[in-house]
Amino acid sequence: MNLFLRQLLSNGRFRFSLILILLLVGFAIIGPMVNHHNPLFAVGGRFDPPSSKALLGTDVIGNDVFVQLMYGIGTSLEIGVIAGAVATLIGVVIGTLAGFLGGTLDELLMGLTNVIITIPTIVILILLSVAVETRSLVTMGIIIGVTSWPWTARAVRAQTTSLRTREHVDVARISGVGTVSIILWEILPYMFSYIFMAFVLQLASGILNEAALSLLGLGPDNTISLGKMLQFAIQGEAVRTGAYWDFLPPTLLLALISFGLLLLQSSMDEVFNPRLRKV
Amino acid sequence: MKISKHLLAVLASLLVLGLALAQELPRKETLYIGGFQWGPPTSFNPIASGPAWPMGQTFGTQYVYETLFVYNLLTGALDPQLAAKLETPDSSTFKITLQNGTRWQDGQALTSKDVLYSFELAKRQQVAYAPFWDYVSSVSAPDAKTIIIKLNPQKLNPGLVRQYLATVVILPQHIWAGLEKSEKSLLQYTNMKPVGSGPYMLKAANNERVVMQRYDNYWGKAIWGLPAPKYVVHPIFKSNDAGNLALEQGQLDISQQFDPEIWKEWEQKKLPISTWFKQPPYHIPGSIPIMFINVNKKGLDNPLVRRALAYAINYPLIVQTAMSSYSVPANSSLIIPDGGEKKFFNADLVKQNGWTFDPQKAVDILENQLKAKKGSDGIYVLPDGTRLGPWKVQCPYGWTDWNQALEIVASSARAVGIDLKTDFPEFPVANSNMANGTFDLGLWFVAGVGAASPWQRFRDVMDNRGVPAAGQTAFWDYNRYNNPKVGELLDKAASADEATQKQLYSDLDKIFMTDIPAIPLMYRPLEFYEFNESVWTGFASAANPKAPPMFTGAGIRVLFNIKPKP
Chain A
1 MNLFLRQLLS NGRFRFSLIL ILLLVGFAII GPMVNHHNPL FAVGGRFDPP SSKALLGTDV
61 IGNDVFVQLM YGIGTSLEIG VIAGAVATLI GVVIGTLAGF LGGTLDELLM GLTNVIITIP
121 TIVILILLSV AVETRSLVTM GIIIGVTSWP WTARAVRAQT TSLRTREHVD VARISGVGTV
181 SIILWEILPY MFSYIFMAFV LQLASGILNE AALSLLGLGP DNTISLGKML QFAIQGEAVR
241 TGAYWDFLPP TLLLALISFG LLLLQSSMDE VFNPRLRKV
Chain B
1 MKISKHLLAV LASLLVLGLA LAQELPRKET LYIGGFQWGP PTSFNPIASG PAWPMGQTFG
61 TQYVYETLFV YNLLTGALDP QLAAKLETPD SSTFKITLQN GTRWQDGQAL TSKDVLYSFE
121 LAKRQQVAYA PFWDYVSSVS APDAKTIIIK LNPQKLNPGL VRQYLATVVI LPQHIWAGLE
181 KSEKSLLQYT NMKPVGSGPY MLKAANNERV VMQRYDNYWG KAIWGLPAPK YVVHPIFKSN
241 DAGNLALEQG QLDISQQFDP EIWKEWEQKK LPISTWFKQP PYHIPGSIPI MFINVNKKGL
301 DNPLVRRALA YAINYPLIVQ TAMSSYSVPA NSSLIIPDGG EKKFFNADLV KQNGWTFDPQ
361 KAVDILENQL KAKKGSDGIY VLPDGTRLGP WKVQCPYGWT DWNQALEIVA SSARAVGIDL
421 KTDFPEFPVA NSNMANGTFD LGLWFVAGVG AASPWQRFRD VMDNRGVPAA GQTAFWDYNR
481 YNNPKVGELL DKAASADEAT QKQLYSDLDK IFMTDIPAIP LMYRPLEFYE FNESVWTGFA
541 SAANPKAPPM FTGAGIRVLF NIKPKP
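As you go down the protein sequences, you meet chains A and B in turn. Just so you know, the first sequence maps onto residues 1 to 279 in the working numbering. Just so you know, the second sequence maps onto residues 1 to 566 in the working numbering.
Derived from the structure by calculation, the hints contain no laboratory data. Treat the hints with care, as some may be off.
Stated by the list, open to error - Label-pair ranges, simulated between beta-carbon atoms:
#, chain 1, residue 1, chain 2, residue 2, range
1, A, A158, B, A204, 45 to 51 Å
2, B, G250, A, H37, 41 to 47 Å
3, A, K53, B, R209, 51 to 57 Å
4, A, T134, B, T537, 53 to 59 Å
5, A, V146, B, G50, 35 to 41 Å
6, B, K297, A, V180, 46 to 52 Å
7, A, V132, B, H174, 55 to 61 Å
8, B, P484, A, G45, 42 to 48 Å
Just so it is clear, CB atoms sit at the ideal spot from N, CA and C, and this is done for glycine as well.
One chain only, chain B, in its complex shape (with noise of 0.2 Å):
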């Protein structure tokens, strides 16, 4: 009796072993992809907020899903995709010609008509991109293959619908248009077994992974061919070490986590490991994380206050430090002066009227133009009484590079005299707290680099039109600043040709440089590019820019270009 009960043991333990190894992928044929998703998979559903890898990314992953046009970072131009070509036959028409032979894969065609239902589904469903139609008075479908889109005279943003082309991705109308009918709610349906147009399908969901198998009747496969992976493998990991660690030990191929240091894995470790650049900054800059600053609170509502704060911020201990080098040191500019902005950045406006880390000029600012008298306590104190703080800085727990950025923002202010101190609560808190406006300084995202920037960060920082009061939701200008010369030259920028724009971006870059509505702190990339070589080979580079260093948008390029290495 002991013996065979031994041997159901040893039997069962065999069993379990060999379908966990009918269940392993072919290395040779996998790419194991990390940096997106962080908790068990429970929807698939790209239309619905916060759905799992690879759905509803920024600009669209394009496994599954596929978007119009893709974002490319590297030339700020929307590369074609579902789309073969878009023509503006006057200023506020855009006609969009489909690709040949697009298809979902079911195999039923996909037309104007899928792409017109996509669109217009946002007039009936509150998705993110609802707003699209403030912008946009009509969509139509002339043929199969056409799309004629007529921008909204009274808000003219020809580069914000163009954003909205790279980011909408497109629905299959006969399945949606069905589950609109059968689901109570199409924002709640969870989409377990999507059905899209992309090269991959989704083949497994659990706790511990999500994989993707290759569908190779893809329609694009005339055009591109067929990526190299057959299959793509995102693990789900609890911590950032844990996936970093991964890409140390090949476990992953590509990853878009913050990895601190990543140069001493090839320079010391000798590992096949990169980024875009072999070089700082590594990464090329997408965004601004910015301090929006309450200027409604007694004392930060002086200009010189928060000028004193912007000159007191240690700008390259935070590059070098918090963000490991993965940028440089920011400038008091709205604008990226890099890539697809770098047309726009006006750097002989920014010398004059910025700001750089000079402590000794916070002091003279506190001192000679403020007259404020330094207390016992170290902090000082404005003629009318008001002591410079303590006013706290927030930003969720857990984003590192961001809680470390803020503790050096903390100790330069109160090495000049300004008492502020760290505060980071979750994520809910600290987004119910930018949105309602109940912040005293808080660290925050703003619209990066797309179709559409740097008008978005404009809007994003500066503009005041639309935003409730402090205590209700908003959804930009988190601390209420209001400067009534904004608006109307946004609403100018919006429509201009290139060389009014940039004069126009100056004129606001200027009234931001004057007000400091905020204080951007450091750049980061759109999204982490590295990579690991010891699998997979041929991954665009700088030295190699096949594509863009994104893993979204034209970045899907990666997966045509890479081979398994012999």
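Excised from the complex, chain A in its bound form (with noise of 0.2 Å):
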């Protein structure tokens, strides 16, 4: 087995990340293909409590909110992978090329960095969301992922500059590799699990970003997810009227998201950065 695998299995907080992971992909997979209702349709009352009919109780208009958290988490997901990829792709293209290329063009597209990273993620999320047509999943997950690459990209900069004077780096270049092919196979693999984990971060990120500008009536169409679940349970004022199985099981969820991602990605990191490594 490979080296780095078995060290990331014998850490005991990255094993209980993937778990937990694991378990909430397994539910967001296995949850729609068990049960087939449709979330949007109501199967009883306003807040009707947990019961054998709705196990988690009902939400404002009636809907199940067990099968809502079932469907919703995967929503949740499948943006946050979307965002997370976006932004990834984006933070990683921008991050090698000032990083190996520098010059004017490291100058221009740092600096191009610097000032979104000076404009409120929120504002900009809020006016391409108001602005598109149609909210899919996939326009939701490109908007947010577009959205939040500046860090990345600083961070991928910054590990290019230093891997772009390395030995192999200099001897594919004697040897008349092209940039591009430099980039692909002398710089990137070296910087693979330090990529996977911006992502990790990223998909977290993506996930909360959802919450919030759903919370903003401002989610994916026809659908629901965690955020959704949690405009509806605050437009229907279930804190105060004491409707608690309609906010706390998406709250929770969203919280163990973020908490297992953010986890798996701290025990990453402390396999795969040297500084970290207790080994």
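Reassemble the complex: the two chains are provided individually, in unrelated frames, and hints are given to aid placement.
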């Protein structure tokens, strides 16, 4: 078995967070396979308490909270994955180009990155979400992704700047290998674990950004997500009227996903980062 | 030095605390009201657009400025206020006589000249009641107590003119005539020291609250006595749930906020909170939130598609969830089957021509009458290739009961195979979409109960006369629905006797149920009427109907009947 993989699996925090994430992903995948109820069709009245008819009760418009959780967690994860992938991709492209090529392009790209960092993300998120005609899962993911890449770009640039002076990169350059090939085959493989950890962080922040947008009424169309569940709970005054079954489960799930992903990232950092490695 | 600094800080804190306590009003003499004011009070001009509470509410709150008559939701009649009686010597003349001793808060007499001035102001200023003069030829004041209104024989509509008599506030000519000359724009004038004729004067207003103080020399004292609370305070809350929590905790005495599941307050928490009725629907219906359909959009231009949609919507679920059981399921009629309009409601006609929640019937219309085929995505496609959606159904963001109702509309429609999705823009955007006719489907408000209902509601939903093309601002008929028969029937109904009106409204309702330009989703009270009797008791209710369940119009009488709890 790969050394890193063995080290990862021997890390208790990594095992715990991986199992937690796998359980949540499993819930999102298996749930809708065994339960075919539409999460947006009512099964009861306003805030019916938990019962055999609806395991976690109903929300403000009579939808089954448990069924909504099953579908909602899937939606939130999907948006998070798309957002994470988009943000990581943009961040890696900009970061490696700036870091590897340096000079004016580096100044320009990092200037752009710094400008975007100074604008509060939520403002851009709201403006983009309002502007689009349809908010599908992909659109939402892209919107969140294109506003979240700057920190990844800065970190990747720093890594690239350090890597580009390594001997194997010099050898490739002297051998006449093109810039793109050097970045793809000589730089990126050395950053793969770092990029993956950045993706995990972006995934967690994508899920939370979706929740924030949904709370503002800018969630995905015609579907349910954990953020939209919370939006309905707040609109229906679930907290004041004591309908804890409506607002606690999505809140807990959001907290668990974020906790699991952040723990996963930090445990991976412990293994991949030589300064933190205990072995 | 250090000690003196600390001493200074303590003294300053005590001073602030002392000032705060000094401003606190005696609770037993103060009534707290909520649900009318949500932002900083910047204008107390009753003729401005959107002034602060208690100015400018639909039927006039009667606190500072009064109207000639007050609308009574229970009886559908106009009760006396500044005017003692309304006579109709002939079919096109109103003779109004003022009460004895009407007086402004600065001591000057309130006469028919002030009434004349207030109505004629609409000829010079773009006030909301400017259309009054479309229906009236002249207003005269033969003596200090009499006003004669001659109706326009070309647009005879006594109901609508009566509505104006209960909504136009009477202004003191001796103050406002001067303001007309001195102010650049009368509608922009903030009027922070209002002088009216009512039983309250503005004491203070800031970002936290508006405070009214009783005017003990009120001219109406001889007729009605004085209202019980010396002070009426409207705290300004940031959100609905903060206001509802304040009512629950007795920090508010009366509230007109949407307070979901309010029955739990007395059934489970045993609090002295109540609404008009102690049982569902808890409130008297006063308006119909109605979903306009863009009848000029491909697919939605087919009345059968609209009929299928009407059958698909789960009205009982909307009532049970979004409306928190504060309504009965909506009928397919533009007439409210209760209160002042009950006499016009034709239940048999609704049964024969209308719709109820019946998704199977919706599918039947789609498949057998329209010959539509269901696509692999579960959405029907008409024989000409028109897919039924995606269409957006909109209403303003944050109007929570409406937002939830539309979520049910969208899921109901998708359940039968019509692709609807919700869209909740901010109010100005939603408002502009409605006025310009740039929407697919939109939930909006139309005229509630009043002296001119249901005539005004039929006009709002069905009358295309005077409505500009899509893209320009319309004030009614937002979807530009046009049926030439409607105008003729409306004109006849405007001046007909009650029996004829009933027939004409039935004819109009039948057209409505055939053409389906809009779908009523639920009923709403004119105002949510909720009270907490921790401090004040004796509020009017169904068991004690001393005043109608409203905080404007004839609802002012509520304040004259309550007493501080011993």
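Under the constraints set out in the numbered hints, which ones does this structure not fulfil?
1 and 3
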